[in-house]
Structures are given as C-alpha cells and as structure tokens.
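2 protein chains.
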Amino acid sequence: MICDLMNTAVLYSGGKDSSLIAIILKKMGFNPKLMNANFGVFKSYTPAMKSAKSLLFDFDVLELDKEILEKGVDMIIKDGFPNNGIDYIHKEVIENLSDLEYGIIADGTRRDDRVPKLDENEIKSLEDRKNIQYLNLNGFGYKTIDTIVNNLFEFKKEKSNKENSSDYEVEIRCLIDERGFKSSEIFPEHYQTRVVGFKIGD
Amino acid sequence: MICDLMNTAVLYSGGKDSSLIAIILKKMGFNPKLMNANFGVFKSYTPAMKSAKSLLFDFDVLELDKEILEKGVDMIIKDGFPNNGIDYIHKEVIENLSDLEYGIIADGTRRDDRVPKLDENEIKSLEDRKNIQYLNLNGFGYKTIDTIVNNLFEFKKEKSNKENSSDYEVEIRCLIDERGFKSSEIFPEHYQTRVVGFKIGD
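So the protein lines, in turn, are chains A and B.
Residues in the first sequence are numbered consecutively from 6, following the numbering used here.
Residues in the second sequence are numbered consecutively from 6, following the numbering used here.
To be clear, the hints were calculated from the coordinates, so they are not data collected in a lab.
Nothing here was measured: the structure is a model prediction, and the numbers come from that model.
Some clues are possibly wrong.
Note: identical chains are not told apart, hence a pair may lie in one copy or across any two.
[Unchecked claim] The list that follows gives simulated cross-link-like pairs (lysine to any residue, SDA-like), each with its CA atoms no further than 20 Å apart:
#, residue 1, residue 2
1, Lys32, Asn156
2, Lys32, Phe62
3, Lys32, Glu72
4, Lys148, Glu106
5, Lys31, Phe203
6, Lys148, Asn126
7, Lys148, Asp104
8, Lys148, Asn12
9, Lys76, Gly34
10, Lys55, Leu157
11, Lys135, Asp182
Given only the sequences and the hints, what does the whole structure look like? Please build it.
Following this line, the structure appears as structure tokens:
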C-alpha cells in the first residue's frame with residue numbers, strides 16, 4: 006500500500022536494536038531492505054545476512070569506499086579510543102545510504118546511545134540535503150527494547166569475534182591490526198547478541 | 006506473552022501521534038490502555054474515547070486534580086502564550102500516570118515537537134523515581150508519521166473546537182474564559198486531525 010517513493014532501508018547489524026526498528030517498519034506496512042555496510046576489508050556481513058533472513062527480510066550489502074574506514078581508523082589510533090572514529094564512519098555510511106533509491110532510511114540508534122548517533126541538527130540537514138526521511142529508536146530506552154525483543158525474537162549471545170559480528174568494529178579491528186597496532190587494546194572483549202529468528206508462535 | 010508487570014498505558018488525544026505510538030505498542034505484543042487526562046472542568050475526553058474505540062483499544066479517563074490545570078493556566082495568563090503552561094501540565098500528567106499500575110507509559114511526542122516534551126534528563130529521572138519505562142516517538146519526524154498513519158488510519162480534519170478535541174487546550178480555554186480572559190487571543194484558531202478508524206483492509 007505504501008507508494009514506491011517510500012522504499013525503505015534499515016542499516017542493519019543483526020543486533021536487537023536494528024532488528025526492532027526493522028520489524029516496526031514492517032508492521033507499519035513497509036517492506037524494508039536490511040543493509041549492512043562493508044568496506045571490502047573483511048566479509049563481516051554474513052552474521053547480519055543470516056539474522057535478516059531468519060526474520061524473512063530482504064538483505065543487501067552496502068559496499069562502501071575503504072577510504073571511509075581508513076579515515077575512521079586514523080582517528081581511532083590517534084585518539085586511543087574508538088568513539089570519534091566510529092561516529093565518523095556511521096555518519097559517512099548514513100550519507101552514502103541516503104544517496105540510494107530509498108525514500109526512508111533508518112538505523113537502530115536508541116535513546117541511551119551516545120555514539121554513534123546523529124543529533125537533531127544533523128538529522129534535519131540530512132533530510133533536507135538528501136530529500137529523504139530518517140528515523141531511529143530515539144524514543145525507546147534499552148529496557149523497553151529488551152522487553153519487546155525478548156518477546157519477539159530468539160537470540161544467540163556469544164563472545165564477540167570477527168565470525169559472529171557484523172558491527173563496524175570487525176573491519177576496524179582488521180585494519181588496526183594490519184597497521185601493526187593492537188586492536189584488543191582499543192576494543193575490550195565483550196559479549197554480543199545476535200537475532201537468530203522469531204520466537205515460536207510469532 | 007508480555008508479563009503483567011508490563012501493563013502499558015498511552016497518554017492519548019485521538020490524534021495522529023498518540024494513535025501511532027499506541028498501534029506500535031500493540032503490534033509489538035502489548036495491549037496498551039489509552040488514557041486521556043481530564044481535570045474536571047469540561048468532559049473533553051469524548052473525542053479521544055471515540056478514536057480509541059474506533060481502533061479497538063481499551064480507554065480510560067485519567068482524572069486529575071483541577072489544581073494542576075489552575076497552575077498551568079496561571080502560567081499561560083502570566084506569559085501571554087501557552088507553551089510553558091502546557092509543558093507544566095503535561096509533565097504533571099506524566100508524573101501522575103507513572104503512579105498507577107503501569108510498567109510502561111508512553112506518549113506521542115515526536116522528534117520535531119518542542120513543547121510539551123520531556124528532555125532526556127527528565128525521562129531518566131522519571132524512570133528511576135517511579136520505577137517505570139517511558140517511551141515516545143522521538144525517533145520519528147512528522148513526515149514519516151504522516152506517511153505511516155495515512156496508510157493505516159482514516160481521519161476527520163476539522164476546525165478545532167471543544168466538542169471535537171481532547172487536547173489539554175480544551176479545558177485550558179474553559180478556565181481562561183471563566184477567569185474573564187479571552188482564550189482566543191492566546192490560542193489561534195487551527196485545524197486538527199482526529200483518528201476515526203482503520204483504513205479499510207487493515
């Protein structure tokens with residue numbers, strides 16, 4: 006029922022937040038394509054692709070210039086911490102996604118996220134310059150998101166590694182290590198949750 | 006499937022925004038009760054009740070102390086414009102709604118709303134003090150909301166008057182006029198849109 010101009014894309018990692026914004030859009034009548042950004046350094050999109058397929062969404066890789074990742078990694082190595090570099094990469098990804106054929110683009114940023122996150126002025130500028138609509142989960146806190154997604158989805162929780170994650174972090178780590186630095190000193194070990202399907206009954 | 010602790014209430018006017026957050030919660034598995042605040046000055050909840058029933062939601066009136074409205078109207082008359090008074094009333098309404106039996110409360114505040122709106126610190130304080138979760142449409146701009154609701158709902162668009170609106174404005178106007186001021190000088194005439202049912206086929 007939504008017209009073709011309202012082609013919709015969600016920047017997708019396979020995690021809780023981006024899965025929730027995708028399912029909200031679907032239940033509101035859209036047929037969003039789930040997109041995972043990739044910079045040609047490592048095929049880190051496989052976990053996101055599997056998650057997307059487990060939720061019956063179309064999926065595609067958003068292939069982007071390695072230069073974006075290089076510049077983000079420059080910032081991370083200079084800073085000694087990842088925030089600014091990841092924020093830069095995310096904003097470049099959103100800019101590039103906005104240039105495609107989608108009238109609405111979304112990501113899973115939630116209320117309590119700090120980085121990466123577009124502020125209100127950046128969103129307004131993006132929407133005006135690119136003639137698109139952008140949305141995210143900024144009205145939802147993590148507790149509410151947990152309540153909803155635990156009700157809707159099955160998950161796999163694992164120690165994050167480059168085979169089970171489709172976050173920017175995977176390719177960033179590869180590039181840091183390639184340059185002779187230790188990515189493990191910049192990114193602490195952590196657990197990550199990946200959606201693997203609907204709860205039985207949905 | 007959602008446990009009883011996650012009883013959910015939406016502060017509801019019958020307009021686009023509060024109808025959208027209500028339907029999102031419903032499609033995510035909750036059974037929200039739609040609540041319209043009333044201060045005992047005028048039975049302004051009837052339009053919201055009709056809208057709620059047209060969307061097959063449970064509805065109730067949130068009966069509140071007239072003193073809240075009085076204090077809001079004091080501010081509006083002193084300021085000569087409604088923003089601060091409405092913001093005060095909305096925040097008192099949210100505080101009172103948080104004291105009821107609901108684990109999750111929501112309103113239809115969207116990204117481009119200025120007033121009334123809870124900022125991030127107010128939300129955090131509310132959630133901590135009241136041990137509840139609060140959500141709104143802060144991730145969505147008005148264009149996206151229009152796109153979605155035009156696809157889901159039927160509307161009636163009319164010049165706003167006290168018989169067809171359940172906004173705070175109705176009782177505020179009554180009280181301003183009761184006090185011998187002219188509410189029409191503070192609130193300009195405007196059109197308002199009320200949800201009257203689902204689009205056929207939904």
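Status of each hint after checking the structure:
For the identical chains of this complex, Lys32 and Asn156 are neighbours both inside a copy (15 Å) and across copies (12 Å), given an alpha-carbon limit of 20 Å. Taking the closest pair of Cα atoms, Lys32 and Phe62 come within 20 Å of each other both inside a single copy (12 Å) and across two copies (17 Å). Within a single copy, Lys32 and Glu72 get their C-alpha atoms no closer than 37 Å, and across copies no closer than 41 Å, so neither meets the 20 Å cut-off. Taking the shortest alpha-carbon separations for Lys148 and Glu106, only the inter-copy value of 18 Å comes in at or below 20 Å, while the best intra-copy value is 34 Å.
Taking the closest pair of Cα atoms, Lys31 and Phe203 come within 20 Å of each other both inside a single copy (14 Å) and across two copies (17 Å). In this homomeric assembly, Lys148 and Asn126 come within 20 Å of each other (Cα to Cα) only across copies, at 16 Å, whereas the closest approach inside a single copy is 27 Å. Proximity of Lys148 and Asp104 under a CA criterion of 20 Å is satisfied inter-copy only: 19 Å between copies versus 33 Å inside one chain copy. Proximity of Lys148 to Asn12 under the C-alpha cut-off of 20 Å is restricted to the inter-copy arrangement: shortest distance 14 Å between copies versus 30 Å within a copy.
In this homomeric assembly, Lys76 and Gly34 never come within 20 Å of each other (Cα to Cα): the closest approach is 38 Å inside a single copy and 42 Å across copies. For the homomeric pair Lys55 and Leu157, the shortest alpha-carbon distance inside one copy (17 Å) is at most 20 Å, but the shortest distance between copies (30 Å) is not. For the identical chains of this complex, Lys135 and Asp182 are neighbours neither inside a copy (35 Å) nor across copies (47 Å), given an alpha-carbon limit of 20 Å.
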